[in-house]
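Q: Residue strings, one per chain:
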Amino acid sequence: EDQVTQSPEALRLQEGESSSLNCSYTVSGLRGLFWYRQDPGKGPEFLFTLYSAGEEKEKERLKATLTKKESFLHITAPKPEDSATYLCAVRGNQGGKLIFGQGTELSVKP
Amino acid sequence: SQTIHQWPATLVQPVGSPLSLECTVEGTSNPNLYWYRQAAGRGLQLLFYSVGIGQISSEVPQNLSASRPQDRQFILSSKKLLLSDSGFYLCAWSTGTSGSFGANVLTFGAGSRLTVL
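Chain order of the listed sequences is A and B. Residue numbers are given in the working numbering: position 102 of the first sequence equals residue 102, and the series is strictly consecutive. Every position in the second sequence, counted from 1, becomes a number in the working numbering once 1000 is added.
Chain A with its partners taken away, still in its complex shape (with noise of 0.2 Å):
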């Protein structure tokens, strides 16, 4: 069974503290890996995807990387705007579905 697990469930850092989050997964042949930024009561909004190990993909002060067991978001230098909940998935080749971790909750502090 497909399966995500995100750690830690929260994070707290300091403005200009750099840090990563974690994403494990095991998937039947994966198609794609997927990270979101939540914002309280709001809908996910599209990060990045990645598809193979070794992938690599930056925007702004975020960096995700691929291996084949899990996926790591690299914050670098981060800004309290970055404050919000990043969530990982992953599609497998079992249907096509969309496998959601429970997220990581960042607050980052002035």
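Hints listed in this document are in silico derivations from the structure and should not be mistaken for laboratory results. Computed from a prediction, not measured in an experiment: that's the story for all the values here. Glycine is no exception: its CB is placed at the ideal position from the N, C-alpha and C atoms. One or more of the hints may lead you astray.
As the list claims (entries may be wrong) - Here are some chain A residues pointing at chain B (derived, C-beta under 8 Å): (1) Lys42; (2) Gly43; (3) Phe46; (4) Gly103.
For chain A, the structure is supplied; the task is to place chain B on it using the hints.
A: Relative to chain A, chain B alone:
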């Protein structure tokens, strides 16, 4: 450009009352449509998805049902709400099939917060 609309944004309903949440997509044709529920402010649980008009797949047995009367319209319904139906409901759409890399990004609506009292 494509947009997704979901309403109502907030709903407070008594136990046993009916429910209707509506979602429409603009700027695309024949989208895949999805209903998710997010409980406890975190994980997303897929409830229903549809690859075409009148085609509904249910992921979890429950008190809810879904319909797709038009190509870009997706409706989530219940005849009698339960307390456990409370949550944040999200509609989403995607293009393409599972065989098309890059065509399967889900775009979400703003969500509907349902409180059942």
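Q: For each hint, tell me whether it holds in the structure or not.
A: Hints, one by one, checked against the model:
1. Given the 8 Å rule on beta carbons, the hint for A/Lys42 holds: about 6 Å separates it from the nearest Cβ of chain B.
2. Hint on A/Gly43 holds. Least Cβ distance to chain B is approximately 3 Å, under the 8 Å limit.
3. Against a cut-off of 8 Å between C-beta atoms, the interface hint on A/Phe46 holds, since the closest Cβ of chain B lies about 5 Å away.
4. Evaluation of the A/Gly103 hint against chain B yields a held restraint, the C-beta minimum of about 5 Å falling below 8 Å.
In summary, this structure violates none of the numbered hints.
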